[in-house]
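S.K.: Sequence:
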Amino acid sequence: MASGPKLRKAVTFDDGTTDYVPLRKKYDGVRKPHISEQPMTWSNWHKHINWLNCTFVIFIPILGFVGAYWVPLQLYTLLFAVLYYFNTGLGITAGYHRLWAHSSFKAALPLKVYLAAVGAGAVEGSIRWWSKGHRSHHRYTDTEKDPYSVNKGLLYSHMGWLVLKQDHRRIGRSDVTDLDADPVVVWQHTNYLKSVITMSLIFPTVVCGLGWGDWAGGFIYGGILRIFFVQQATFCINSLAHWLGDQPFDDRNSPRDNVITALVTLGEGYHNFHHEFPSDYRNAIQWYQYDPTKWSIWIWKKIGLAYDLKTFPSNEIEKGRVQQLQKKLDQQRAKLDWGVPLDQLPVLSWDDFVLNCRADGRALVAIGGVIHDVASFIADHPGGKALISSAVGKDATGIFNGGVYLHTNAAHNLLSTMRVGILRGGGEVEIWKTGGGEKGVY
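Residue numbers for the sequence shown follow this note's numbering, so the first one is 735 and each next one is one higher.
Restricting the straight-line Cα-Cα distance to at most 27 Å, the calculated cross-link-like pairs of lysine-lysine (DSS-like) are: (1) K886 <-> K781; (2) K781 <-> K879; (3) K866 <-> K766; (4) K1035 <-> K840; (5) K879 <-> K899.
It is worth saying that the hints were derived from the structure and are not from the lab.
A quick note: this is a predicted structure, and the numbers were derived from the prediction, not measured.
Please model the complete structure; the sequences and the hints are all you need to start from.
M.R.: Here it is in structure tokens:
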């Protein structure tokens, strides 16, 4: 008997979008907690494990290492495995990541087909699935909606998010309508299982088998173990790139730049730059920085396979760098003693300033409209006691700023720690008028 239409209710998500989700029969208004929300115990640990993913990223690689004990590694197989590792790695870094997830360049159909094929050979999900999660990662970096947030631990961001079950309702939403309009992406997503088996295992086995008779070596080294290493390298983008290195552009989130991560990930290690300028086809902007993915895209452009390579203006990149440098300088500056802030000092008239010197026997000197107590420094004054003592109770602005000696930045900084007041009106200068010898205050 045909069932009637399902009841639906409108749900508004955090990003403001609204969707209609089906209601369960006998809906009681209480959602059963997802297994990820429950503590792991000896009795339920197996329910926390995503056994399908564990099979692909843990169990099969273990079988590959065991099989390698009985299958000798031939030179040609090794060379092919390394070459295919590089190609399948590019399928992820240049294809899945920079082409489809970030649209940092456009590719001709032959290049798209190649990247989709070798990307499947890395066994990291379809283009659509991978890009959807990665866009959520960028949009919700380091939050609960980040599918592989490093704040949940280095191991979690590396592999834990795969081997442990996640509540997909908690992962941030992302727009992939552009990918749904790409025939290559749609075909690979629809035929992913056939694509991944063909490109990850059958292709390397056939190449090594027909090429030099090493069928078993092609399956073990060109297939299983190569998959393991390219997966682990890619996982480092989610873990090491958010844990190891510097943050020259922004330190509000976890992404970092590090040459070691770049070497491991085919150039994806300059991750602080990438998160600041995600649509730039480059990760490394300096010629000496390791980014083979960038150079591959550049070469494809030269031969007509890639076009519309996106780059952020160098002026904007440098502004980000300078702003971060200024932020670090401000943080260091805040740790130093720069003296009592001027707006917190008492304001004295000239007469009060002089009176304080005479009445209390204090060694007060006025410089630039600010009153300083130099009593503790008189004995250590490099110019001698007599000179600094002669300025007590007077405005020594001219003396300090070149009249006797043009003091250094260090002297200005030290003097700022001695300030005790402000002169009303900005300061007065005591002089001897020439001609009549009349003493006056101006």
